[in-house]
Amino acid sequence: MPLIIFIILMGLNFLSYTQDFSYLKPPSAFYQREQNISVSGQDIKAYVFQTTLTEADLIDFYDKNLRDKGFTKASEEFQQAGARLFKYTKESQVINIQIMKAQGGFPGATVIVSVYNQPSGGFSEGCPGCGGGFSSNNPLTSSPESITQNFDSITQDLPGEDLEFIPRPSGSIRLINVKNDAPFMVNIVYKCSQSIEELKDFYKQNMDYHYWKLTAEISSSQLGDELKNLAGKLPQGSPVSLDVLTSAYNLYFKGPYGEATIVIMENPQGEGRVVSILYRK
Amino acid sequence: MFVYFSKEKINYYKGQVAPFLIALIAIVVMFIMITVNIGKIGMFKTDTSNAADAAALAGATVYGQGLMNLGFHSDRMFGFYLVIAVILVSCLLPCKVAWIVYYASMAIALALYLLAIFMARKIPGNVRETAYSYAFQNIGIEEVKPHTPGESYEEWVRKKSRFSQWMDDEEYKNSPHKYSWDDRYGQNYAQVVLDHVHTPFPFPLILPVKVRGWKAFCGCCKKCCRCRFRPFIAGLVRVSHRHGPVGVTARKYRSDRDFGLWKMRYGTIESYAQAITYGGSVFPLREHTYDSRLVVTR
Numbered sequence: 001m002p003l004i005i006f007i008i009l010m011g012l013n014f015l016s017y018t019q020d021f022s023y024l025k026p027p028s029a030f031y032q033r034e035q036n037i038s039v040s041g042q043d044i045k046a047y048v049f050q051t052t053l054t055e056a057d058l059i060d061f062y063d064k065n066l067r068d069k070g071f072t073k074a075s076e077e078f079q080q081a082g083a084r085l086f087k088y089t090k091e092s093q094v095i096n097i098q099i100m101k102a103q104g105g106f107p108g109a110t111v112i113v114s115v116y117n118q119p120s121g122g123f124s125e126g127c128p129g130c131g132g133g134f135s136s137n138n139p140l141t142s143s144p145e146s147i148t149q150n151f152d153s154i155t156q157d158l159p160g161e162d163l164e165f166i167p168r169p170s171g172s173i174r175l176i177n178v179k180n181d182a183p184f185m186v187n188i189v190y191k192c193s194q195s196i197e198e199l200k201d202f203y204k205q206n207m208d209y210h211y212w213k214l215t216a217e218i219s220s221s222q223l224g225d226e227l228k229n230l231a232g233k234l235p236q237g238s239p240v241s242l243d244v245l246t247s248a249y250n251l252y253f254k255g256p257y258g259e260a261t262i263v264i265m266e267n268p269q270g271e272g273r274v275v276s277i278l279y280r281k
Numbered sequence: 001m002f003v004y005f006s007k008e009k010i011n012y013y014k015g016q017v018a019p020f021l022i023a024l025i026a027i028v029v030m031f032i033m034i035t036v037n038i039g040k041i042g043m044f045k046t047d048t049s050n051a052a053d054a055a056a057l058a059g060a061t062v063y064g065q066g067l068m069n070l071g072f073h074s075d076r077m078f079g080f081y082l083v084i085a086v087i088l089v090s091c092l093l094p095c096k097v098a099w100i101v102y103y104a105s106m107a108i109a110l111a112l113y114l115l116a117i118f119m120a121r122k123i124p125g126n127v128r129e130t131a132y133s134y135a136f137q138n139i140g141i142e143e144v145k146p147h148t149p150g151e152s153y154e155e156w157v158r159k160k161s162r163f164s165q166w167m168d169d170e171e172y173k174n175s176p177h178k179y180s181w182d183d184r185y186g187q188n189y190a191q192v193v194l195d196h197v198h199t200p201f202p203f204p205l206i207l208p209v210k211v212r213g214w215k216a217f218c219g220c221c222k223k224c225c226r227c228r229f230r231p232f233i234a235g236l237v238r239v240s241h242r243h244g245p246v247g248v249t250a251r252k253y254r255s256d257r258d259f260g261l262w263k264m265r266y267g268t269i270e271s272y273a274q275a276i277t278y279g280g281s282v283f284p285l286r287e288h289t290y291d292s293r294l295v296v297t298r
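Those protein sequences? They're chains H and U, same order as listed. Counting from 1, one number per residue, gives the positions in the first sequence under the working numbering. Counting from 1, one number per residue, gives the positions in the second sequence under the working numbering.
Because the hints were derived from the structure by calculation, they are not lab data. Keep in mind that the hints are not guaranteed to be accurate.
[What the hints assert, rightly or not] Computed list of lysine to any residue pairs in SDA-like fashion (alpha-carbon distance at most 25 Å, straight line):
id	chain 1	residue 1	chain 2	residue 2
1	H	K179	U	P208
2	H	K101	U	R230
3	H	K73	U	P94
4	H	K200	U	F118
5	H	K213	U	K122
6	H	K204	U	M119
7	U	K122	H	Y279
8	H	K45	U	R242
9	H	K25	U	E287
10	H	K254	U	K122
11	H	K101	U	R76
12	H	K254	U	F72
13	H	K101	U	G280
14	H	K200	U	I117
15	H	K213	U	R76
16	H	K179	U	I206
17	H	K179	U	R230
18	H	K69	H	Q32
19	H	K213	U	N69
20	U	K122	H	Q32
21	H	K213	U	R121
22	U	K173	U	F44
23	U	K122	H	T215
24	H	K25	U	T148
25	H	K254	U	V3
26	H	K281	U	D75
27	H	K213	U	F118
28	H	K45	U	L285
29	H	K179	U	F44
30	H	K204	H	G258
31	H	K281	U	G42
32	U	K45	U	F203
33	H	K254	U	Q65
34	H	K281	U	M68
35	U	K173	U	Q187
36	H	K204	H	E271
37	H	K254	U	R230
[Claimed, not checked] Residues of chain U placed beyond 12 Å of chain H at every Cβ, according to the derived structure:
id	residue
38	M43
39	D75
40	F78
Think of the CB as a built atom: it goes at the ideal place given N, C-alpha and C, for glycine as much as any other residue.
Could you put together the complete structure from these sequences and hints?
Right, dumping it as structure tokens:
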């Protein structure tokens with residue numbers, strides 16, 4: 001009996017993985033990329049399309065197709081920069097559609113479609129806080145002053161796993177683990193109490209034991225004028241703290257496993273430091 | 001002979017053409033010498049042209065390869081952006097984690113952008129090294145390998161010439177990028193001068209990410225108040241000086257040569273070539289392959 005249940009479960013699992021999402025591909029899409037992303041154990045399937053269709057045509061296409069499949073539009077958001085975001089839901093299944101104008105003087109649009117199941121507990125229908133329609137004008141959602149979250153309340157590792165060949169500082173707390181299959185990359189973020197200097201020394205010494213070779217170390221403060229130019233491109237009232245970003249110290253490693261970029265920075269909204277690791281095969 | 005012809009000119013009517021023939025032969029020999037010497041100067045010019053053309057093309061190719069690497073780096077940056085954009089919009093993370101992920105990812109994106117600037121700054125150095133190497137390999141340095149007493153033929157064959165050793169030691173990288181050698185006529189040298197090689201500067205592609213997070217007991221984005229587009233460095237949009245160019249002057253000096261009739265003066269002969277890169281783009285997911293071609297030769 002347990003074997004039969006196991007086989008049925010495996011079959012259901014297989015079916016869920018072989019679901020046909022071809023209806024998400026817009027007509028005349030000339031580039032397609034499929035990605036399987038795992039964020040702290042939760043799977044997201046993502047598709048990227050480049051198409052010559054106009055934004056209006058794309059909106060019509062998705063609205064018609066997804067309604068036919070039984071999805072309902074939960075929210076629609078728009079930003080002046082030209083990005084649009086639509087959220088469709090059907091039971092626990094969520095489809096996010098991000099439409100951006102093609103860059104670099106090319107016509108059409110880039111579409112990022114992500115499909116996942118929202119786990120129960122942290123989800124209710126729609127996204128009322130974001131508001132339907134043009135949420136960037138919603139004072140509840142757009143005020144930078146309202147961002148007062150305290151990260152110090154996280155005291156233990158959040159779901160996910162470490163990379164055995166990249167050490168983690170003692171006493172650190174894992175905040176996130178993101179995996180992407182193609183191209184294979186892993187992003188892990190740790191919250192640490194050590195100083196930036198201590199963390200720098202820790203990685204320089206300990207990465208060596210795992211046959212990593214330090215290829216470059218650059219402080220983000222070296223960006224100087226470039227970062228000021230970048231700041232000019234940020235939207236008004238953006239809460240992105242350039243001081244936090246320029247405080248970052250970057251270590252680049254190469255080794256038998258691939259490439260690793262380690263960024264050590266001040267915690268943007270709390271005590272301690274944050275270590276962000278990007279590993280690529 | 002001329003005296004004999006002069007005395008016997010009435011009685012001797014044979015061989016009157018001989019003086020003219022002798023003069024003609026002398027003129028022909030002279031023309032042959034001139035032709036050979038002009039040919040040698042032509043070959044000399046060909047050497048410098050080859051060196052300049054090869055160096056400019058090789059330099060531009062390396063410049064293009066550097067830009068191509070930036071293009072692939074841009075792809076990786078875009079791949080990272082896609083992953084982060086999908087996660088941040090998913091509402092799968094608690095608000096506080098979603099925001100720290102945004103900052104930590106933006107810091108990684110900045111680090112990758114810094115790496116792109118770092119990679120771009122290395123391009124001119126690689127271009128110079130390659131261009132100098134190709135120029136000296138093609139400039140035609142004909143240096144006699146000396147034979148030391150007691151040395152067998154095999155040893156002599158295996159022995160490297162001073163120029164080969166100079167190339168192996170990568171001395172050509174050092175200023176004034178000049179190699180001098182002596183032969184029985186005097187001193188010769190070859191020199192390569194590169195125009196300033198521009199350092200390409202990559203400009204960031206900034207795309208929005210939507211940061212969403214859920215708060216316990218409140219539901220997705222309810223009271224989360226962080227649902228807003230934020231900027232993200234998603235790749236490279238373009239680079240400055242995408243065509244290069246790479247300009248090379250190859251100069252060769254040969255001391256005077258004695259061919260028996262007169263001293264043949266070679267002096268200094270130089271050639272100039274300029275090549276550009278074209279065709280590719282550093283924009284994510286576009287064609288990153290750059291080609292190179294000569295645009296100026298003289």
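Structure-based check of all given hints:
no.	hint	verdict
1	H:K179 to U:P208	holds, 21 Å
2	H:K101 to U:R230	holds, 16 Å
3	H:K73 to U:P94	holds, 23 Å
4	H:K200 to U:F118	holds, 20 Å
5	H:K213 to U:K122	holds, 19 Å
6	H:K204 to U:M119	holds, 21 Å
7	U:K122 to H:Y279	holds, 23 Å
8	H:K45 to U:R242	violated, 36 Å
9	H:K25 to U:E287	holds, 22 Å
10	H:K254 to U:K122	holds, 18 Å
11	H:K101 to U:R76	holds, 20 Å
12	H:K254 to U:F72	holds, 17 Å
13	H:K101 to U:G280	holds, 21 Å
14	H:K200 to U:I117	holds, 22 Å
15	H:K213 to U:R76	holds, 20 Å
16	H:K179 to U:I206	holds, 23 Å
17	H:K179 to U:R230	holds, 22 Å
18	H:K69 to H:Q32	holds, 22 Å
19	H:K213 to U:N69	holds, 20 Å
20	U:K122 to H:Q32	violated, 33 Å
21	H:K213 to U:R121	holds, 21 Å
22	U:K173 to U:F44	holds, 23 Å
23	U:K122 to H:T215	holds, 13 Å
24	H:K25 to U:T148	violated, 76 Å
25	H:K254 to U:V3	violated, 92 Å
26	H:K281 to U:D75	holds, 14 Å
27	H:K213 to U:F118	holds, 17 Å
28	H:K45 to U:L285	holds, 20 Å
29	H:K179 to U:F44	violated, 61 Å
30	H:K204 to H:G258	holds, 17 Å
31	H:K281 to U:G42	violated, 54 Å
32	U:K45 to U:F203	violated, 42 Å
33	H:K254 to U:Q65	holds, 20 Å
34	H:K281 to U:M68	holds, 19 Å
35	U:K173 to U:Q187	holds, 22 Å
36	H:K204 to H:E271	holds, 23 Å
37	H:K254 to U:R230	violated, 31 Å
38	M43	holds, 46 Å
39	D75	violated, 8 Å
40	F78	violated, 9 Å
When held up to the earlier numbered hints, the structure conflicts with 8, 20, 24, 25, 29, 31, 32, 37, 39 and 40 and fits the remainder.
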